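The hints should help you fit chain B onto chain A, whose structure is shown.
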Amino acid sequence: MLDLAQELRRFIVDNFLFGEESEAFSFSDEDSLLELAIIDSTGILELVAFLEQRYGIAIADDELAPGNLDSVSRLTTFVQRKLLPAMR
Amino acid sequence: MCGIAGIVTSWGRVTPARVADMIATLDHRGPDDRGLHVEAAVGLASARLSVIDPAGGRQPMANEDGSIRVVFNGEIFNFVELRRELVRHGHRFRTRSDTEVLLRLYEEDGPALTHRLNGQWAFAIWDARAGTLLLSRDRIGVRPLFYTRVRDALLFASEIKALFADPDVCRELEPAGLDNVFTFWTTLPPRTVFKGVSELPPGHTLTWTAGRVAVTPHWQPSFPDAPPQRSEGECAEVLRSLLKDSVRLRLRSDARVGTYLSGGLDSSVIAALTAAGGEPLPTFSITFDDAEFDERVYQREVAQALGTVHHELRCSHADIGQVFPDVIRHAEMPLLRTAPAPLFLLSRFVRDAGYKVVLTGEGADEVLGGYDIFKEAKIRRFWTAFPSSRRRPLLLQRLYPYMRELQRQPAAWLRAFFHVTREDLDSPFFSHLPRWTLTSRLKLFLSDSVRSALTGYDGYAELAARLPAQFDRWDPFCRAQYLEIACLLPGYILSSQGDRVAMAHSVEGRFPFLDPRVVEFASSLSPTVKMKVLEEKHLLKVLARGLVPESVRRRRKQPYRAPEGKALLAAGRGSYVDDLLSSGQLRRDGIFKPAPVERLLAKFRDGRAIGTKDNMALVGIVSTQLLVDQFINNVGKGTHAGPGAGTTQVYRR
Numbered sequence: 010m011l012d013l014a015q016e017l018r019r020f021i022v023d024n025f026l027f028g029e030e031s032e033a034f035s036f037s038d039e040d041s042l043l044e045l046a047i048i049d050s051t052g053i054l055e056l057v058a059f060l061e062q063r064y065g066i067a068i069a070d071d072e073l074a075p076g077n078l079d080s081v082s083r084l085t086t087f088v089q090r091k092l093l094p095a096m097r
Numbered sequence: 148m149c150g151i152a153g154i155v156t157s158w159g160r161v162t163p164a165r166v167a168d169m170i171a172t173l174d175h176r177g178p179d180d181r182g183l184h185v186e187a188a189v190g191l192a193s194a195r196l197s198v199i200d201p202a203g204g205r206q207p208m209a210n211e212d213g214s215i216r217v218v219f220n221g222e223i224f225n226f227v228e229l230r231r232e233l234v235r236h237g238h239r240f241r242t243r244s245d246t247e248v249l250l251r252l253y254e255e256d257g258p259a260l261t262h263r264l265n266g267q268w269a270f271a272i273w274d275a276r277a278g279t280l281l282l283s284r285d286r287i288g289v290r291p292l293f294y295t296r297v298r299d300a301l302l303f304a305s306e307i308k309a310l311f312a313d314p315d316v317c318r319e320l321e322p323a324g325l326d327n328v329f330t331f332w333t334t335l336p337p338r339t340v341f342k343g344v345s346e347l348p349p350g351h352t353l354t355w356t357a358g359r360v361a362v363t364p365h366w367q368p369s370f371p372d373a374p375p376q377r378s379e380g381e382c383a384e385v386l387r388s389l390l391k392d393s394v395r396l397r398l399r400s401d402a403r404v405g406t407y408l409s410g411g412l413d414s415s416v417i418a419a420l421t422a423a424g425g426e427p428l429p430t431f432s433i434t435f436d437d438a439e440f441d442e443r444v445y446q447r448e449v450a451q452a453l454g455t456v457h458h459e460l461r462c463s464h465a466d467i468g469q470v471f472p473d474v475i476r477h478a479e480m481p482l483l484r485t486a487p488a489p490l491f492l493l494s495r496f497v498r499d500a501g502y503k504v505v506l507t508g509e510g511a512d513e514v515l516g517g518y519d520i521f522k523e524a525k526i527r528r529f530w531t532a533f534p535s536s537r538r539r540p541l542l543l544q545r546l547y548p549y550m551r552e553l554q555r556q557p558a559a560w561l562r563a564f565f566h567v568t569r570e571d572l573d574s575p576f577f578s579h580l581p582r583w584t585l586t587s588r589l590k591l592f593l594s595d596s597v598r599s600a601l602t603g604y605d606g607y608a609e610l611a612a613r614l615p616a617q618f619d620r621w622d623p624f625c626r627a628q629y630l631e632i633a634c635l636l637p638g639y640i641l642s643s644q645g646d647r648v649a650m651a652h653s654v655e656g657r658f659p660f661l662d663p664r665v666v667e668f669a670s671s672l673s674p675t676v677k678m679k680v681l682e683e684k685h686l687l688k689v690l691a692r693g694l695v696p697e698s699v700r701r702r703r704k705q706p707y708r709a710p711e712g713k714a715l716l717a718a719g720r721g722s723y724v725d726d727l728l729s730s731g732q733l734r735r736d737g738i739f740k741p742a743p744v745e746r747l748l749a750k751f752r753d754g755r756a757i758g759t760k761d762n763m764a765l766v767g768i769v770s771t772q773l774l775v776d777q778f779i780n781n782v783g784k785g786t787h788a789g790p791g792a793g794t795t796q797v798y799r800r
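Chains A and B supply the protein sequences, listed in that same order. If you want the numbering used here, it's the position in the first sequence, counting the first as 1, plus 9. If you want the numbering used here, it's the position in the second sequence, counting the first as 1, plus 147.
The following block holds chain A by itself, in its conformation from the complex (with noise of 0.2 Å):
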């Protein structure tokens, strides 16, 4: 199975960049992915509905925020936190 970051890194590449890995579209797990327009006004619904059914998490609408949602990184610490209640 493929690491977390990995995954979702995966997910963003081929759901939003097609695929398209070269120099120019590269980013790192850091860079916000609204800033670069890697994600567009709606790409967020299409974000969401994926880590739901994925991971099968519930995420509120106060936690659709940029510090959760807005970068590999910050998605990864998420995701994490929200299945771990799940694990215990």
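Simulated from the structure, these hints should not be mistaken for laboratory data. Just so we're clear, the structure is a prediction, and the values are computed from it rather than from any experiment. Yeah, the Cβ is synthetic: ideal placement off N, Cα and C, and Gly gets one too. Where hints are given, some of them may not hold.
Partial pick of chain A residues on the chain B-facing surface, computed with a CB cut under 8 Å [unchecked claim]: (1) D23; (2) L26; (3) F27; (4) G28; (5) E29; (6) A33; (7) F34; (8) A46; (9) D49; (10) T51; (11) G52; (12) E55.
Below, chain B without anything else, positioned relative to chain A:
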């Protein structure tokens, strides 16, 4: 209204056949008459749609000794007044056409004649005595004009396809032109998407003398550094009288005139001012099966209030997909939106109903400040001044009530999406950065060879270098207006959504909001009169009181949009979209990478593509492939769909 074409050469002779081949491609622009004049090193041709003085206005038109000859596409609306002045100055007229006014005015003023014209034009004047060819395009760029150079010759025409009729003109895509479209939604003139083919920029004149070419501006959009404060009532009164006169001039026609009715404020105001003439006014509207885009309720309300003879054309997803190849053949540019397709169908409907001329509301959003991008920039600028505000983001949500998906997003996302950063404030393109940054992401589909050809090219730098010297001194609102008036208005709204799809069916659009007196008056006003707090086109709304139904006057702005990706894929598997986007075809054409395009298609087919970017990507890729197919591979697949389902209703006041 017409199509024009011609050749001038500094060595050798021009053959009639060469010019005849060019003009033959423009029959759709001028089906009523064709004229040709060739003398030694010059050839001029016209395909004419007779609107004013059908008998007398034949082209090319010459003065008595044949030393000056003109071919002309467009209308000079103040030709009656100009003729009167010229007669006073001793000129004698043989016809009552506006073409002859142009000819006499050139005799009087020479190349400076454009300053006296109130009109929409692209013309060529050959002055045999001076050995000069003059090409000119109207201030805003309503009528198109392209040119190219082949050895010693300069070729010009209303559309690029006429230049391509000459076997010596090479047919190749220009990567920087593609880069422009996939950033700004249009090219930056004189660049086009074809190598070696130039567009004469709006408000410019080209002179050719013995092989030397000079391109100079005769008009540019301009705004005051510090607009004078005038009362709202006074401004509305002046604007109303200018618009009334603008409509009066634009009703000069020997052919029948109708108006487009979108259901919004701008076209309703124009229809109301036109209907004031007495005769029941014919109005034309598009209705969509898809409720998200349909505005028939408002269209009918205006038609009823004005007592018009109202014609409706119903447009489905399948209709848009079906005519899209034809639309691209006329637009001659990749498109990121399908919105020109319904307008292509509408002009056919208008022609079939027996009309040649329509008045529309185009230009009001740019000139009087109606676009969301102006409002968005205002909110973003305000926000940057108070970065911690929790309320500001809610304003952005309020901004796009018609975008359902956007409404579901939390405020914090909007802030990040709309790029509210201090660095952006210093950019001359602050207002347009969100749109252009998002659109630029589409370049990820471009092939490695196109990308490598673009190494070192910077469209922003090119545009920045062309901004007027005083740009930085203008109010930020006016800067945003300038960018819209200089780029998107001529490059997309008036061309792909305007001239090209209307003239595809020999229909001439006239735009009262783009009368130079209206444009210059609106530019002189303080931005606060145009957008009061966050109310767009405030002044027009004041003016419209009592003129149009209150529900339409108070209605929130709904930009004209049409179904996109879904419409192109409506034909299902095996359609032209599948052919053009197949891996094999993409590899042969070499513009786009097959793998990401395949993933994009899969996303659409799975129903996961809901965003603006995905839709723009699909429309942009399909339209570019259609362009390559029709203009470079030259195996045109123009379809000829039957007329859509149109109905007519007569409303009596």
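Evaluated hints:
no.: 1; hint: D23; verdict: 7 Å, holds
no.: 2; hint: L26; verdict: 6 Å, holds
no.: 3; hint: F27; verdict: 3 Å, holds
no.: 4; hint: G28; verdict: 5 Å, holds
no.: 5; hint: E29; verdict: 4 Å, holds
no.: 6; hint: A33; verdict: 7 Å, holds
no.: 7; hint: F34; verdict: 5 Å, holds
no.: 8; hint: A46; verdict: 5 Å, holds
no.: 9; hint: D49; verdict: 4 Å, holds
no.: 10; hint: T51; verdict: 4 Å, holds
no.: 11; hint: G52; verdict: 6 Å, holds
no.: 12; hint: E55; verdict: 7 Å, holds
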